[in-house]
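Asker: What follows is each chain in one-letter form.
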Amino acid sequence: MAWRGEIDLGTPPAVSQAMVTLTIDGRRVTVPEGTSLMRAAALIGTSIPKLCATDSLEAFGSCRLCLVEIDGRAGYPASCTTPAAQGMAVRTQTDRLKQLRKGVMELYISDHPLDCLTCAANGDCELQDQAGAVGLRAVRYGDGANHLDQAKDSSNPYFDFDPSKCIVCSRCVRACDEVQGTFALTIEGMGFASKVSPSQSEPFFSSECVSCGACVQACPTATLIEKKVAETGTPDRFEVTTCAYCGVGCTFRAEMRGEELVRMVPWKEGKANRGHSCVKGRFAWGYANHRERILSPMIRASIDDPWREVGWDEAIAHTASEFRRIQAEHGKRAIGGITSSRCTNEETFLVQKLVRAGFGNNNVDTCARVCHSPTGYGLKTAFGTSAGTQDFDSVMAADTIILIGANPTDGHPVFASRLKQRLRQGAKLIVIDPRRIDIVRSPHVEAAHHLPLRPGTNVAVLTAVAHVIVTEGLVDEDFVRDRCDRAEFDDWAAFVADPRHSPEATESLTTVPAESVRAAARLYAKGGNGAIYYGLGVTEHSQGSTTVLAIANLAMATGNLGRAGVGVNPLRGQNNVQGSCDMGSFPHELSGYRHVSDDAARAMFRALWGADIDHEPGLRIPNMLGAAIDGEFKALYIQGEDILQSDPDTRHVAAGLAAMECVVVQDLFLNETANYAHVFLPGSTFLEKNGTFTNAERRIQRVRKVMRPLNGLEDWEITQKLAQAIGYAMAYDHPSQIMDEIAAVTPTFAGVSYDRLDALGSIQWPCNDAAPEGTPVMHLDGFVRGKGKFVRTEYVATEERAGPRFPLLLTTGRILSQYNVGAQTRRTENSRWHDEDRLEIHPHDAEQRGILDGDWVKVASRAGDTTLRALVTDRVAPGVVYTTFHHPATQANVVTTDNSDWATNCPEYKVTAVQVGRSNGPTDWQERYDERSRRSRRIEGVAAE
Amino acid sequence: MSATTDKLVRMVNQIATEFEGQQPGNAVAATWDHLWHFWDPRMRDRIVTHLDTGGEGLSATSRAAIARLGSRAEPQSQTRATEFGVDADGNTESDAG
Amino acid sequence: MKTEDPRIGRVRALAAAYHAPDGLLPLLHDVQAAFGHIDDIFVPAIAEALNLSRAEVHGVITFYHDFRRVPAGRHVVRLCRAEACQARGARAIEAAAVERLGVAMGATRADGAVTLEPVYCLGMCATGPNALVDGVPVSRIDGARLDRLAAEILA
Amino acid sequence: MRAFVSRDMASVGLGADEVAAALIAAGVEVVRTGSRGLFRIEPLVEIETPDGRVGCGPVAADEVAAVIDGTHRNRIGDVAKLPFFASQQRFTFARCGIVDPLSLADYAAHGGWIGLDRARRAPPAEVVAMVRESGLRGRGGAGFSTGIKWQTALDAPGDAKFIVCNADEGDSGTFADRMLMEGDPFCLIEGMAIAGHAVGAARGYVYIRSEYPFAIETMRAAIALAAERIAPFALEVRVGAGAYVCGEETALLDSIEGKRGQVRAKPPLPAIAGLFGKPTVINNVLTLAAVPFILANGAEAYAAIGFGRSRGTMPVQLAGNVRNGGLYEIGFGVTLGELVDDVGGGTESGRPVRAVQVGGPLGAYFPASMFDLPFDYEAFAAAGGLIGHAGVTVFDDGVDMMRMARFAMEFCAAESCGKCTPCRIGSTRGVETLDRIIAGDRPDENVALLRDLCDTMRHGSLCALGGFTPFPVLSALDHFGEDFGAADIAGPVE
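Protein chains in written order, with the working numbering: chain A, 1 to 945; chain B, 1 to 97; chain C, 1 to 155; chain D, 1 to 494.
The shape of chain A in the complex, shown without the other chains (with noise of 0.2 Å):
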């Protein structure tokens, strides 16, 4: 499309429904009470000047160009703060307004470099815009006081900071404060020598500031810029094209000059996001050309050979009589695939549908097994639906927000943002989390409860907290008697009251104080709207399908549910995971949810697909692995995962890889599971292919092509030539083929499809006859499968107990600057915020054993060990150690055990029992790995690095 600024109408939409009428410049318009006159103007195509305002922050009247004439009212009020009134009558241009804009002007420009020619904002800059608008052609107060001789700040490595062209409209400021929340910015002294400020007036990047980009994309001139449109000029076309980084699902425009991307910029009319970023998704995509890439497929015969480079018939060639043999060798059940959470729908659909119509078999699994498996079921139990039940909108509707096992203002930075803004208008949170998150307490926003429970107790502090709503009364009879199976919940309430399960009898074990309980308790179930919302800290435990049955439990109970404001609302942690399970990656049912032992659903798919369906569920990931060290298993197509690094157990996959015949890794680059891997088919980043993600509130959004893909082709189109050459016929010419078959296919996808999501922009499944334009907000007069059900949620403690020879209990977690395993995040400038993973410890803890802030530390657990320089903080409770998982080199996975969810095998990265202690560096099983990689990484005719 080609490239226009987006229509800035100035000041926010109002929110009221009732009318006025009013005439500007003798053209009646009718806007919603409330509404500016600047806005009412734009409406209808008349745009006053202005500089200080823009839509996406409140009105602040400041830089005085956008004022009007109103017949009746004396003086020339500023049309940004004036709202519309019944009969007015505007006038937005008279002699009068455009001598005074000049007057304005003519001051803003005395203080204001004239290098436009050279500037970075040249062709972009509304203070450019305004001066030609008001028609100045004089400064006439000569060489007086100015700011020309500010230094410039380039402390950020994706933004610089130019105070010389700063015109204090102040913008920045608001964006921080009002839609990021972090308040990192000011104005320091006051009069003339007012100046932007971070933190201190400290450089940006050692600042409070977060690096979210909202000041860049608010300053009207080259103050804040991007530095790549600093280099490379301004775009000149775009494309509205979906994140590949966390749940949030941010759309934004990928603003390019001819084939070069030149910035991300968040889409306003983007419904998840609502105009707002983060640092990763603004501006760490820079991964997509780094030099680690590899863009030509490659092979060997050993893992321990270097990799020999070679054409893409050859490699696929190859790749295919290699699972020939070996299913002809070991049975047509030896190989499988792993689907990524970080493909695109249509891509995932693809390579689930070339296992089980390809290979013949159902062994194809998704990540998604890692993160929110126990969502799936527990939801699906509840509610008969497994996604989430709101809509991100809904968080600015709720009262009372429950937030347990998710740090949103690093793993979902952006909802966090909004989760914020609703904090400020004066909803209540309760934050159940063994660390003392940022957000329990941070400028402005701080926790009525934080339950800082014993990590591995969630089961045992939700039921708790349904003693207290069942003993005190406080049941939503009339939800609980219209909406939910009576017997089910009169045998919950039952069990859920008995004295056992009361605050005051699992303290000792949850260590959270009986009177937080109840309060929090209290508090969701009568203080309005409730709203859960929780991360991986709820499933990845051995009972994390059971905490999530605990969750609905309160859900329904409280009649938190089937309206905006409430709901249970998980956070998926990737991009599409909630695609890729809708997908149907699991091994035991076929896309539509149709389990594979369904003889009709396999009649269908037989005559759609023209293969026969295997009738048995196929292997999980961690049962492919111990197959394949049982020597069962040979072969295992991985598409964009990296098991190795991201599942629990590293020797445990390590082992299973190594035993393994042919591991084909398409990825971006060598990744870990590469060590072991046979073939690798380079892939393309979500900048180099047309496609459609699902975010965590089930909106499936589209990704655009922006560029050619450096490798050749599409991740779908490897996939294609893989199935054609192994023998089943697949002919798509573009992805929105796939996705009309998905829809045919998938019941709550049957009205998706590309032409209606480029209308609507997005649409949140199910989209069907019932809901054409797709559902926002699930279960609105009853649930979409009959009753809500109850389920008993009895706490059984895991297997991982601190005890004397591993004393504490480590949990893990994520960083805002990295993602995931890092492998994009490592290769941009956000390495400069996060470049090591660091182990959390408490001051007593530390201290027992010797270690000061920053010391190398030994963390140990049964399955293994691995070192990492330590962080002393109270932010964990005595006895929890904490870290992140994004750098290779500390191979926390090494620790975590191969613990469970009982139902879906979702790891129990959360409770580990390990020991600490003083260590001198890395271990020798780091060591071994580090020259393993290193020597598996190697490219013949490539000098190593």
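Just a few of them, taken from the derived set where beta-carbon distance is under 8 Å, the chain A residues facing chain C:
id, residue
1, F183
2, T186
3, I187
4, E188
5, G189
6, S197
7, P198
8, S199
9, H444
10, E446
A few chain A residues that face chain D, going by a derived Cβ cut-off under 10 Å, partial list only:
id, residue
11, F60
12, G61
13, A78
14, C80
15, L100
16, K102
17, M105
18, L107
19, Y108
20, R140
21, Y141
22, V168
23, C169
24, G191
25, F192
Simulated coverage check for chain D against chain A, where a stretch passes if three residues somewhere in it have a Cβ under 8 Å from a Cβ of chain A:
id, region
26, 258-269
27, 413-419
28, 424-430
29, 456-466
Calculated from the structure, these hints are not laboratory results.
Yeah, the Cβ is synthetic: ideal placement off N, Cα and C, and Gly gets one too.
With chain A fixed as given, assemble chains B, C and D onto it according to the hints.
Answerer: Just chains B, C and D now, with coordinates in the frame of chain A:
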């Protein structure tokens, strides 16, 4: 006992314990239903063989459930998580987990 | 961890009396009263106590004339510069004060003896030229009174 | 023997503490009061005698003996009979200078709390009606009807409401707020308690500028003493930090909220969404201090005095080069000339009066030719000026009006909050342009530029600081063109 079998024993005991908590008196049927719907044939065969060769380490509920698994009959669904059929109005459950 | 400046602990103690953001100005007045100025290193503790960002606290400190980020002289003379005092000869007194006290307006003497600052009106507009000398009002300032003042301050 | 000596900051500046100490040393019981408000006779000592108080002033510390034995050269007798005081109508300042500011008994004995008790017996709407009928308008300078403001706050929904007293009296030439807070603090407290009852506010703040240490100390003590009497209404003092702009009501609210004192855009009006976003009544000290009289004596008694739409009395402050500088509370309608020449007695220097600035640093300069102007909001506005906080600053013929015009821009540049462009950048450009005129650099061009700049500031600025700075600048240019030496200086004041 191979590592894999040991892992399967721990898995089935974990499932059995959970259903003893969730559905007292119906844990055997629920465990059987779960294994039938979610385990791969090799895993099912391996655990049945293990039961036939003494079933070391298996809990009582696990033993009863695996016994039924061996009978190759198809279990009645004991929880909505194992209901995969299409209901009257063409809607299927979505199991995005 | 390098040891923390002991004054920061005392700032935290002062801050404990305030909980919400509207406690910022009262707290800054308390801190300046206790230490004579508000050192940049106090800002994190102040921000933490009121759950504000360091940027917000810095923005407030640098906005108001009263708050100093560096210590003042041993004595502080705030000479009124407003119209009523000008009508009674304040301009001449200001020039004389600069000369007698040996310090520019708005600055602190090199030896730290005195800080001379303008103030716009002390509310004694019929008996100027006026000044606040270490918080004590001094009116009808003339050459003689300035001499006595300089003698006391520079003794 | 009992003597009364003022503890007012201006009196102390003139040596009142030393006089009091000397009296005490001489065995006299000394009661410290506020100031009566005529600074020529301070430090004033009033000795209590069977037939009333006998005043002597000004008195030096070493002359107390003469005061005690009645032979002091500056013996006045009954101070109240001085023409300066006799011709006043002290509705608000009746007790100031007479009572011990921190004596609840003194306050009650002089008519204190009658207004509050009467108000609390009446429904809130009735109290608001009385204030409206009294014709009381904002004494801070805006002149907005106090009754209507209170009615808006009473009608506005809100789970909490606030009463805020604007005691940031930063205008040069004004000290009435300071005098009242130091001399009769319970009067202000009573007025705020009445306002609290009238609009349903349980909490009030008094925002006092940091340049008034005495007023801060006295108000805090008085609030503590009166806490029980005004409960459940609760008051708290908040101290400013040297920013003149915080005299603007919304900047003041931001300052109380712990923020930079930047001016908010309106709407919303503070009466609807003010402090912490709740309905808030913001009034000046003098406005709130006038309320007890109205409730005690009825709206008609207050409305009977005045001129045109300006009802009731205005505590005028005579300042600068004036013989009888001080506090002169009088009904509206008195002329500027009567105030400066008759009441003020002309200049202290004995030189002829050349210019008078009314309304502080943002007020216009008036030449003697305009002394027939009656003290009335509308009349002053029509004459291109404003009453403001009723500070009247007198200059003799030694004044250089071009320098005063420059000072107006300099003051605006020093105190601009920096939010809006016309004031942030305009004030600095104004000083630079006037410097060019002073240096004789292209005076015609630069005077024309100055007028354009004033037009941009006057109509573009977000608040009165940038918006009214053109009043002193243009009035100096138009009424005292001779000081500017420029040929073409004519031009109306808009």
